[in-house]
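Q: Spelled out, the chains give:
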Amino acid sequence: GIQVEQSPPDLILQEGANSTLRCNFSDSVNNLQWFHQNPWGQLINLFYIPSGTKQNGRLSATTVATERYSLLYISSSQTTDSGVYFCAVSGWGYQKVTFGIGTKLQVIP
Amino acid sequence: NAGVTQTPKFQVLKTGQSMTLQCAQDMNHNSMYWYRQDPGMGLRLIYYSASEGTTDKGEVPNGYNVSRLNKREFSLRLESAAPSQTSVYFCASSELQGATNEKLFFGSGTQLSVL
Chain A
1 GIQVEQSPPD
11 LILQEGANST
21 LRCNFSDSVN
31 NLQWFHQNPW
41 GQLINLFYIP
51 SGTKQNGRLS
61 ATTVATERYS
71 LLYISSSQTT
81 DSGVYFCAVS
91 GWGYQKVTFG
101 IGTKLQVIP
Chain B
1001 NAGVTQTPKF
1011 QVLKTGQSMT
1021 LQCAQDMNHN
1031 SMYWYRQDPG
1041 MGLRLIYYSA
1051 SEGTTDKGEV
1061 PNGYNVSRLN
1071 KREFSLRLES
1081 AAPSQTSVYF
1091 CASSELQGAT
1101 NEKLFFGSGT
1111 QLSVL
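So the protein sequences, as listed, match chains A and B.
In terms of my numbering, the first sequence opens at residue 1 and continues consecutively.
In terms of my numbering, the second sequence opens at residue 1001 and continues consecutively.
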């Protein structure tokens, strides 16, 4: 199956700073999603982005499918951005979704 | 519109006991999933049901059984709980497993401890 690597594993930011999270995957994908797991454990779908760029407020994501990576940008970070960010992909041919092990983000005031 | 609802939220079992985790979705999704989350390992797929009437093994199915009761409900059963099954369990649903535009929606999780 597809291998998913996320970096960095841990990140500590001062409130107001910007950050970039990376997701590398080992094969071509027909689906890529970014999730945020808040400190209470709830998983929220941030983006569905198998290719191209999307923006939602302070968050944006870019996937370069031909080079097999995706980036999640967080601008002007807030303490509510803390949690774990997961990248999840699935390959062509009705394959199942595979998750990376996540990037743990802590935003300090 | 509650989305994906899981019960219970917390459970403590003794080794060898059995229990069933319940999951229901009200989004008319075809596909449903059970994941487990362990520290440092992300989410791993236990079982999934691509459509009503079908179930398939995921990455870590040993020690679990599932039932797709109807289109809305998908349950996960531990027949004889073991300490290695201590984990947080998530149910998820999507319109259609493997589809290009598939988006996963998650329940709030069940924290299970097996002593």
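Simulated from the structure, these hints should not be mistaken for lab results.
Every residue, glycine too, gets a C-beta built ideally from N, C-alpha and C.
Some hints here could point you the wrong way.
DSSO-like cross-link-like pairs, simulated, lysine-lysine; straight-line CA separation at most 27 angstroms [unchecked claim]:
#1 K54(A) x K1103(B)
#2 K1014(B) x K96(A)
#3 K96(A) x K1057(B)
#4 K1071(B) x K104(A)
#5 K54(A) x K96(A)
Label pairs and their calculated CB-CB ranges [unchecked claim]:
#6 A65(A) x D1056(B): 39 to 47 angstroms
#7 N18(A) x E1052(B): 27 to 35 angstroms
#8 G1003(B) x P9(A): 27 to 35 angstroms
#9 E15(A) x P1039(B): 34 to 42 angstroms
#10 S1108(B) x K104(A): 18 to 26 angstroms
#11 D1056(B) x Q78(A): 38 to 46 angstroms
#12 E5(A) x M1019(B): 14 to 22 angstroms
#13 G1016(B) x Y69(A): 23 to 31 angstroms
#14 N18(A) x S1113(B): 22 to 30 angstroms
#15 P1039(B) x I44(A): 16 to 24 angstroms
#16 E1073(B) x E5(A): 44 to 52 angstroms
#17 Q1022(B) x I108(A): 34 to 42 angstroms
#18 W40(A) x T1015(B): 42 to 50 angstroms
Q: Taking only the CA atoms, is the gap from K54(A) to K96(A) under or equal to 27 angstroms?
A: Status holds; Cα separation ~23 angstroms.
Q: Looking only at beta-carbon atoms, does the pair P1039(B), I44(A) fall within the given range of 16 to 24 angstroms?
A: 20 angstroms, holds
Q: For the range 27 to 35 angstroms, tell me whether the beta carbons of G1003(B) and P9(A) fit it or not.
A: With Cβ atoms ~30 angstroms apart, the hint holds.
Q: Starting from the range 38 to 46 angstroms, see whether the pair D1056(B) and Q78(A) falls in it by beta-carbon distance.
A: At roughly 40 angstroms between Cβ atoms, Q78(A) and D1056(B) fall inside 38 to 46 angstroms, so the hint holds.
Q: Against the range 34 to 42 angstroms, how does the distance between the Cβ atoms of E15(A) and P1039(B) compare: consistent or not?
A: Given a distance of about 26 angstroms, which is not inside 34 to 42 angstroms, the answer is violated.
Q: The hint says 44 to 52 angstroms between E1073(B) and E5(A); measuring C-beta to C-beta, is that right?
A: For E5(A) against E1073(B), whose Cβ atoms are near 35 angstroms apart, the range 44 to 52 angstroms is violated.
Q: Do the alpha carbons of K1071(B) and K104(A) lie within 27 angstroms of each other, as the hint requires?
A: Outside the cut-off at roughly 35 angstroms; violated.
Q: Could you see if the CB distance from Q1022(B) to I108(A) stays within 34 to 42 angstroms?
A: Given about 38 angstroms between the Cβ atoms, the range holds.
Q: Return holds or violated for the Cβ distance of E5(A) and M1019(B) against the range 14 to 22 angstroms.
A: Since E5(A) and M1019(B) have Cβ atoms about 35 angstroms apart, the given range 14 to 22 angstroms is violated.
Q: What's the verdict on K1014(B) and K96(A), does the C-alpha distance respect the 27 angstroms limit or exceed it?
A: 32 angstroms, violated
Q: State, for the Cβ atoms of W40(A) and T1015(B), whether the hinted interval 42 to 50 angstroms holds or is violated.
A: 29 angstroms, violated
Q: Honestly, do N18(A) and E1052(B) meet the 27 to 35 angstroms range at C-beta?
A: Given range 27 to 35 angstroms: violated, Cβ gap about 45 angstroms.
Hints 2, 4, 6, 7, 9, 12, 13, 14, 16, 18 from the list above are not met by this structure, while the remaining hints are.
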